[in-house]
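Given the coordinates of chain A, work out where chain B should sit on it, guided by the hints.
Number of protein chains: 2
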Amino acid sequence: MDMAAVTKDETYMREAKKQAMKAYALGEVPIGCVIVYEDKIIARGYNRRNTDKNTLSHAELNAIRKASRKLGDWRLEDCTLYVTLEPCQMCAGAIVQARIPRVVIAAMNPKAGCAGSVVNLLEMDGFNHKVQVTRGILEEECSSMLSGFFRELREKKSVKNRRKERNGNDKTGISGIGKKGNGIT
Amino acid sequence: MDMAAVTKDETYMREAKKQAMKAYALGEVPIGCVIVYEDKIIARGYNRRNTDKNTLSHAELNAIRKASRKLGDWRLEDCTLYVTLEPCQMCAGAIVQARIPRVVIAAMNPKAGCAGSVVNLLEMDGFNHKVQVTRGILEEECSSMLSGFFRELREKKSVKNRRKERNGNDKTGISGIGKKGNGIT
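Same order as they appear, the protein sequences are chains A and B. Sequential numbering of the first sequence, starting at 2, is according to the numbering used here. Sequential numbering of the second sequence, starting at 2, is according to the numbering used here.
No lab work stands behind these hints: they were computed from the structure. Be a bit skeptical, because a hint or two may be false.
In this list, chains with the same sequence are indistinguishable; a pair is considered to hold if it fits within one copy or across any two.
Stated by the list, open to error - The calculated lysine-lysine pairs, modelled on DSSO-like cross-linking and capped at a C-alpha distance of 27 Å, are:
hint	residue 1	residue 2
1	K157	K9
2	K54	K131
3	K161	K67
4	K67	K23
No experiment lies behind these values; they were computed from the predicted model shown.
The shape of chain A in the complex, shown without the other chains (with noise of 0.2 Å):
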C-alpha cells in the first residue's frame, strides 16, 4: 500500500477514535466507528450499549444503521468502515450482511474478536460475501485508548470497593486489552 493511502486510513481512523472517545465520556468501552463512501465520511457510530440498554448499539452497527439510511440502501457495496477495535461476531456478521467491501481494524481484541482473532467472520470461505481487511492501522493510539479505559475503571472500582463488581461482571474479553500477557499492552 502507498503512503498516500496509508495517510487517509490514518485519517479516517482518526474520525473513528473521536466516536470511541464519545463513548469513553459516557462510561462505555471506547469502541468508534466511521463509514466513508467516495471518500466522504457517511456515517459515525460509537458503542452506547449500556446507556441505550441495547444489545444492537455497538459502534459498527450504530454505523451501519445510519449509512443504510443516507445511501437509502441495505447494500453497502462502495463503502469502507473503520473500527477502532476488532469487531464481535454480530458486527463482523453484519458487515457480510451489507456487502462492505473493506474494513479497516486500528487494535485486535484477542479474547473476543471475530477479524481473525476467534474466528474469522469477514474472510470465511463459506460465505457469499469476503472482506478486505487491513489491521493496525493508529493500533498503538486506540489500544491506549482501551488500556486506559479499563485501567480506569479498575482503580474506580477499587476505591469503592465493590469486590463482587470487579471479579465476576466483565464477560467480553475487551477488558483483557492492554493488560499484560495478551499480545497488545
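Below, chain B without anything else, positioned relative to chain A:
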C-alpha cells in the same frame, strides 16, 4: 425432551411463523421470530430488509431490539428465541451478544446458516457464551413457506422475463431452500 415442552415450542414457533407471514405479505423473504420471557412473548420481529432499506432489519434483530427495550437491559439472559430459519452470521452473533440461553429453530439454511450449517456461532467454544439450540420444530411448515415464496418469486420473474435479476441477484443462499438437492425440500 417431554411432550409438553415440544408442544410449547410448537406453540411459540407458530407465533414466529405468523411473523414470517407478515414478511411474506410485503414480498420479503418470510422469516419470523418471537422472544419468550417467563412464558410470555415479549417481542416479535420479521424480516423487513428491503422495505426498511436497512441491513439490520432481519427478524431476529428486530425482535432482540424490542426485547432489550421491554426488559430495559441489553442482556436477555432468561429469554428463549424462536426463529423460523437458521440465523445468519449477524443474527447468530447478536444472539450470543445478548446472552440468550436458548434458541429454537424451525428450518435449517444449508448454504448460509450460522447455527450449524456453514459455521456454528451459537455453540462455539471460543466465545464467552454458548447457546442451547433446538432444531426442527415445525420444520416442514416453515420450510414449505420459504420454498413456496421462492417458487412464486421465480414464476413472477419468469413472467416478466427479467432474465438478469433471475440469474444474478440472490446472494443470500436462502433461495436454495426448497430446491432439489439441498437436503431440505
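Quick rundown of the hints versus the structure:
In this assembly of identical chains, the alpha carbons of K157 and K9 never lie at most 27 Å apart, being 37 Å within a copy and 46 Å across copies at closest. Within a single copy, K54 and K131 get their C-alpha atoms only as close as 31 Å, which misses the 27 Å cut-off; across copies the closest is 21 Å, which meets it. In this assembly of identical chains, K161 and K67 lie within 27 Å of each other by CA distance neither inside one copy nor across copies; the values are 38 Å within and 34 Å between. Taking the shortest alpha-carbon separations for K67 and K23, both the intra-copy value of 17 Å and the inter-copy value of 25 Å come in at or below 27 Å.
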